[in-house]
Amino acid sequence: MKFKNTHKDHQVTDESIYQSRRKLIKAGLLGAAGLAASPAFSLTLPTTTDKNERFVIDEITREKDATTYNNFYEFGLSKSDPAENAHTLKTEPWTLEIGGLCEVQGKLDLQNLVNGINVEERIYRMRCVEAWSMIIPWMGFKLADLIKMCKPLSSAKYVYFETLYDPKQMPGQNGRSIPWPYREGLRMDEAMNELTLMAVGMYGKELPNQNGAPLRLVVPWKYGFKGIKSIVKMKFLDQQPVNSWQAIAPQEYGFYANVNPEVDHPRWSQATERRITGGFSLFNSRIDTQMFNGYGDYVADLYNGMDLTRYY
Amino acid sequence: MNRYLTAVKAALFLLLLVPFVLIILDGVQDNLTADPIEEILHRTGLWSLRILLITLLMTPLKVLTGSALFIRLRRMLGLFTFFYASMHLLVYVWLDLGLDWAHFFEDVIERPYITVGMLAWLLMLPMAITSNRHMVRKLGQKWKRLHQSIYLVIGLGCLHFLWLVKSDVTEPLIYTGIGLTLLLFRIIHHKHVQRKARIAQSSRS
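So the protein lines, in turn, are chains A and B.
According to UniProt numbering, the first sequence is numbered sequentially starting from 1.
According to UniProt numbering, the second sequence is numbered sequentially starting from 1.
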């Protein structure tokens with residue numbers, strides 16, 4: 001994959017790596033380098049990826065941690081499995097199928113889509129339902145921009161997503177931990193919210209397979225499992241879809257899955273979280289979890305008048 | 001026999017320390033995943049359960065081989081079970097919760113997998129305290145009854161594991177299966193011994 005970094009602030013990536021990447025970009029070799037690191041990938045991102053100054057956080061989770069500690073059951077149940085097994089996923093070419101209640105239907109080539117859409121960098125907090133959290137610099141486009149291109153009908157109230165189903169590429173799908181493929185959904189206003197991102201990269205480079213390459217959802221005010229990975233299908237619906245974890249254990253996981261310190265998961269208190277900011281420290285004491293993961297200013301209005309203990 | 005036993009015990013002691021040493025080495029080298037506390041919790045819990053199953057394997061091994069050696073190793077194995085379980089509890093209360101006792105009591109009361117885990121540790125505590133020779137002699141028959149609570153501990157330990165897993169219960173089911181097999185062996189063996197005793201009695205009369 002190839003793309004130019006134009007932002008000046010390099011705090012996200014180690015300075016030396018960043019500089020060497022710049023040289024590679026200048027020499028036009030980054031594509032080849034990227035290919036060597038992950039042979040399946042060659043998505044080219046747009047040449048200008050601006051850093052969105054409104055979403056900057058200083059203390060970032062180490063790239064090593066964010067790319068080796070993943071819940072992606074398609075590649076195994078342990079958090080170290082995806083980094084070890086996800087190389088079998090072929091992400092190029094990649095098509096996104098658009099369907100349901102919208103005017104523009106059919107298959108969209110991801111490369112073409114990325115060529116014609118504004119990709120930017122945003123640093124978001126990510127809170128897992130298991131009560132740990134990371135801070136990750138994503139590269140992506142607003143889901144709202146894609147939705148507008150699809151011209152949804154007024155009857156479309158929800159957006160539904162599916163992960164690739166291919167047990168050959170995703171060996172975990174041979175097991176029965178989840179009814180495959182993985183499914184997720186958002187209410188239309190959530191999907192159109194300016195925070196909602198379709199990520200195609202992180203840490204200034206291509207999205208690693210284990211993090212959901214080549215296209216994943218990022219909804220920072222919701223628990224991490226809403227961030228469906230390796231998306232192949234997007235559909236507009238008039239009824240609320242059932243997301244995978246809700247299907248597995250409806251008393252534990254809801255459709256909304258908004259980060260909420262006041263509503264506990266039966267197995268984890270959600271009042272606090274272990275923030276993974278990297279470096280070895282046994283004394284990472286917990287920090288308080290914020291309502292909507294600290295994004296209440298952007299999203300609290302979406303849930304006015306809703307009983308969030310019922311719609312968890 | 002005595003020197004042989006001492007050597008076996010020393011080797012076993014060192015072997016049982018390996019998981020602990022590995023945690024420290026991995027910790028120093030930043031190899032405890034992105035979430036070291038979670039990883040240490042996982043490893044200590046798993047080793048406690050594994051060593052508990054090995055402890056329960058000693059009686060069947062003695063019955064099958066006729067060698068009393070295995071019974072001599074039982075105490076050390078039991079104490080290591082308790083050691084890893086205590087590490088598990090300590091890491092959870094101290095490193096994870098930061099000694100937030102309100103959070104701790106809420107967890108114990110509201111989350112069933114923590115309730116049974118805590119119960120298992122509390123049952124192990126008196127066994128660990130009375131594991132020395134002096135207490136064995138002092139308590140006599142009572143000691144045996146007290147230490148039979150190990151069967152309850154294995155049940156609670158497996159439940160703890162089963163209830164904390166999110167979706168795929170294969171791994172905890174394997175441990176539960178091994179635990180049940182070890183218990184079943186005892187039941188069958190006990191019945192067998194009783195029958196033999198009955199036969200011996202009736203042939204005498």
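If you're looking for bench data, these hints aren't it; they were derived computationally from the structure.
Note that the Cβ used here is the ideal one computed from N, Cα and C, for glycine as well.
One or more hints might be untrue.
[What the hints assert, rightly or not] Short, incomplete list of chain B residues facing chain A, as computed with Cβ under 10 Å: (1) 30; (2) 38; (3) 59; (4) 61; (5) 95; (6) 96; (7) 113; (8) 170; (9) 171.
Item checked: Hints that the structure is at odds with (numbers, increasing) -> 3 and 4
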